[in-house]
Amino acid sequence: MSQHVKNITDSTFNDEVTGTSGPVLVDFWAEWCGPCKALAPVLNDIADDYVDAVRIRKINADENKEASGRYNVRGLPTMILFVDGEEKERILGLVSKTRIAALLDRYVEG
Amino acid sequence: MYSPAYLGDALCKRQVLERLLSLQKADTWAMRPIYWDGRTGSLVGSLLQGENLDEWERLFGLPKWLALAIDNLFASGPDLKAGLEFGIALLDAIPVGADMRTVGSRVVIELLEGLPCGLLPIVSMHAMTETLISVSSLHRRITDGGDVDAAEWRAVRRRAVAQTDAVERGSVDADVGACIEAATWDPRTSRTAVSDTGRVWIKATSDAEVARQSGWCAHDDERMKALLDRLHADAKAAGATGFIDVFKLLDEKHPEEARQLKAHIALEHACRGAQWRKITDLLLRVATEAGGAVKAA
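Note that the protein sequences, when read in sequence, are chains A and B.
Going by my numbering, the first sequence opens with residue 11, and the numbers climb by one from there.
Going by my numbering, the second sequence opens with residue 65, and the numbers climb by one from there.
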């Protein structure tokens with residue numbers, strides 16, 4: 011995993027996501043989810059490219075049901091972009107780096 | 065920092081291949097890219113006994129995009145044996161001392177417009193063809209020894225995304241657009257450029273082949289999904305609790321649709337396997353042709 015990607019939990023969700031400023035991309039994943047595993051290296055690549063602009067966080071949806079429930083995560087992988095603690099966008103399923111970058115660019119290019 | 069393949073050292077290559085063969089006997093594989101948990105791992109993760117691709121470059125003189133391409137194809141092959149044979153064959157095909165810096169772009173060019181793999185025969189929109197050629201020409205500039213500004217990549221990426229967004233979701237055009245989009249990165253600096261393009265290329269070309277052979281299209285996907293959703297809702301309304309097997313219900317209540325779906329899934333599976341073979345053959349060919357190799361003593 012990239013040193014710029016950090017695992018979070020229900021108990022750290024506020025400190026890492028909703029209680030912070032700036033953009034945070036949260037990847038909801040699970041151990042049994044094949045597309046989640048295929049997405050992991052793409053997110054690592056994104057994390058390295060956007061190191062000064064966006065924080066990338068991963069949360070295991072099975073082990074952290076409070077956050078998954080609160081944000082109505084119904085399929086995996088689900089990526090939710092929070093800006094200043096508020097949900098702005100979400101991407102469902104395995105997508106290319108281009109799609110994630112296109113979404114982030116809308117928020118980091120001003 | 066540039067290193068020739070296997071650091072220009074035949075012993076390095078031999079050690080990689082020997083380690084792979086011993087891993088093959090140990091059979092402790094995990095089917096997920098760039099993964100190592102201390103006991104099981106992906107092909108690359110097991111070789112490295114880690115997930116740090118800086119080490120892949122440092123120890124073996126091989127580019128990061130190649131690690132991702134190997135592991136993605138290893139994990140998505142028809143079976144473990146095929147994936148493993150491909151990984152071993154590819155690493156064996158790379159000449160000691162080869163300059164791999166532009167090989168990633170060569171692979172992408174082949175996937176976009178080469179023969180027999182290119183997407184041109186299945187692109188139906190003129191504007192998309194133009195974008196495909198633009199993306200390909202940027203990669204060609206790299207293979208010719210030049211460079212491409214980040215702004216140029218961004219511009220073509222925006223155009224490609226806008227074109228994909230303008231076509232019917234789930235269509236072959238959308239798959240082709242997604243493939244062109246994925247290719248809008250320089251593999252020398254973006255390690256997922258080749259693996260992402262390859263993954264979407266397999267989907268685009270196999271969906272096109274499915275449509276050609278059976279006529280199945282995005283509309284059929286939607287029709288089948290709506291039917292399954294309805295079966296699920298009906299079962300729930302009738303008091304079903306717990307897991308509802310909608311495919312069993314489809315078999316019982318709509319045998320003709322069930323037959324169509326099974327035939328479609330089987331054809332899709334066969335086409336994905338065929339396209340996986342094509343892309344692995346392409347990688348083997350391009351790797352074998354990688355230039356700058358040191359002649360064996």
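Derived by calculation from the structure, the hints in this document are not laboratory data.
Possibly wrong hints are sitting among the right ones.
Said to hold, decoys possible - Below, a sample of chain A positions facing chain B; criterion: calculated Cβ distance under 10 Å:
#1 Ala40
#2 Asn54
#3 Asp58
Claimed, not checked - Each computed DSS-like pair below joins lysine-lysine, with the alpha-carbon atoms no more than 30 Å apart:
#4 Lys75/A with Lys145/B
#5 Lys98/A with Lys289/B
#6 Lys75/A with Lys300/B
#7 Lys326/B with Lys267/B
#8 Lys16/A with Lys75/A
#9 Lys342/B with Lys326/B
#10 Lys145/B with Lys300/B
#11 Lys312/B with Lys342/B
#12 Lys300/B with Lys267/B
All C-beta atoms in this analysis are idealised placements derived from N, C-alpha and C, irrespective of residue type, glycine included.
Hint by hint, here is what the structure shows:
no.	hint	verdict
1	Ala40	violated, 12 Å
2	Asn54	holds, 8 Å
3	Asp58	holds, 9 Å
4	Lys75/A with Lys145/B	violated, 37 Å
5	Lys98/A with Lys289/B	holds, 28 Å
6	Lys75/A with Lys300/B	holds, 24 Å
7	Lys326/B with Lys267/B	holds, 18 Å
8	Lys16/A with Lys75/A	holds, 18 Å
9	Lys342/B with Lys326/B	holds, 25 Å
10	Lys145/B with Lys300/B	violated, 42 Å
11	Lys312/B with Lys342/B	violated, 35 Å
12	Lys300/B with Lys267/B	violated, 34 Å
When each numbered hint is compared with the structure, violations occur for hints 1, 4, 10, 11 and 12.
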